[in-house]
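Residue numbers (the numbering used here), protein chains in the order written: chain A, 53 to 359; chain B, 53 to 359.
Heads up, a few of these hints could be off.
According to the in silico footprint, chain A covers these stretches of chain B (three or more CB under 8 Å from chain A) [stated by the list, open to error]:
hint: 1; stretch: 209 to 221
hint: 2; stretch: 243 to 255
hint: 3; stretch: 261 to 267
If you are wondering where the hints come from, they were derived from the structure by calculation, not from laboratory data. Think of the CB as a built atom: it goes at the ideal place given N, C-alpha and C, for glycine as much as any other residue.
Chain residues, written in single-letter form:
2 protein chains.
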Amino acid sequence: MASTNLMSLSDIEKKKFLESFDSFISDCDGVLWHGRKPVSGAQDVLKNLVSMGKRRFYFTNNSTLTRKQFIEKFNTLGFDAEEDEILSTAWLTAKYLKNINFSKKVYVIGGTAVKEELDAFGIENIGVGPDNYMPKNSSSFSLGNSNIELVPDVGAVVIGYDFFFSYPKLMKACSYLNNPECLFIATNKDEKFPAADGVIVPGAGAFVAALETCSERNAVVMGKPSPFAIDNVLIPSGLDSKRCLMIGDRCNTDIQFGNQRGMTTLLVETGVHKYSDLEKFKSSGMNHLIPSYYTSSVADLLEIMNL
Amino acid sequence: MASTNLMSLSDIEKKKFLESFDSFISDCDGVLWHGRKPVSGAQDVLKNLVSMGKRRFYFTNNSTLTRKQFIEKFNTLGFDAEEDEILSTAWLTAKYLKNINFSKKVYVIGGTAVKEELDAFGIENIGVGPDNYMPKNSSSFSLGNSNIELVPDVGAVVIGYDFFFSYPKLMKACSYLNNPECLFIATNKDEKFPAADGVIVPGAGAFVAALETCSERNAVVMGKPSPFAIDNVLIPSGLDSKRCLMIGDRCNTDIQFGNQRGMTTLLVETGVHKYSDLEKFKSSGMNHLIPSYYTSSVADLLEIMNL
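Using the sequences provided together with the hints, build the complete structure.
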């Protein structure tokens, strides 16, 4: 499996490349912007897709914002977006539960965005915010007398990024999951994020690993690289995955996601992974991480659009 | 690899079996007692070992008690024990750091027993107890401005069972481990414990999984099945592993531990695993979980001792 330098194609090939897709899915951070700084030219690429009659999706693993909040963020950074174009993991979770006509309560380890998306679909949920059971000292807790109150009628546990993550939350979630009929959903499995001053911020993947370990179960994952969104949202909405381009900067989320169900993938070198990483993946036999194409920036598509 | 029913041996073979060991290592819960109820006859077996001139060790993965506290527990349940006979994971951690002349600070996610064992060896440590940084509400925390204070001179992170486990603790531990020279030690990796009223209590293994995921590192594990205690405590103390019997009730901790370095292993059916589980392990190719011998209770050894 080899990766092609997009800009090494002839002009005719470049035009054909663009014409071969009806739909484009783009990751956000590392492709369209870094933190609060847009990648130069990215806005025009995304805008042109609409005038060319292409469908456009933004897919982010970030579960801390609702689709409405993402639109505000997009607008602030100079991107336009409609709600239907946004695949975010808090929304995907709520959408999934709605699709299966879930009618019980959801126990959530996650942020307010998960709660708001569930609320918007009318799905009853508990757990968001600090857990009042957090013990204050050693004597307020003992193993055999845990005193944890379990709510009846919880039929799903959802876990995502939660800075109120604590031992009582883990104990409750694990106890609900002891019922094999209780659904187990993770928004995403991102391991960590760098922050300022040498601080490493644990990602949702750390919390999911804890819960998978003590429940001895595996979560259904909404975020990339899980093909969940392709099978449950994109293909049902009419997307032809063989005529879809997935654009991303991380091979083990975006590119792995896109390499499924016949999509074409494009690695842009404005984020985590570069062309030089591909040799490593190849020699480790990780062909599912190799993009169909690579290029320096999503803005290179602008040059092709202008041919 | 086949497992032999200990009590199916002839009397002569039984006596030879007992004579073939200088040292006996026993797991505690599930072998010697259940909760607070001793296994009938177990006390006499352990007592007789001493009068027969055999060395005796108790090995528990439980990190929530010091060796001194274990002796009190043993005495309460009718067992005698000396400090040198107890392998507990809080103590093993402190002993290990002492052995390598560790002279920096330890950041501990764990209970007071870990702190006390470290203190006893004069090893400076921080972290035990609730973390004051636990956010009170959403506005007191934001990803980019984490405000976590990292203490200089932390050279090791120790993680075990901690009912004050929280997001800030995970963030601190993960940030310390971003320095590749910082040691990463787990007391044990037990997944969970059943409690009353359908509550499942997450074990240290859940916390370790979270930290291994966000640090993208693997912990050195003190507890069973890691061979750490054999290589670093038992063999250095003169134990001949070829003349040692490991007795346990869990194949994936006790038996796997004992099957290393040439020990003989005995599964007792008073706890988690039974003879009927062995067929499953065999058919899954997990020969490292198969004990050399199995029998219904550790008390069967009393019958052999009285031959």
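- prompt: Looking at the structure, which of the earlier hints fail to hold?
  reply: none
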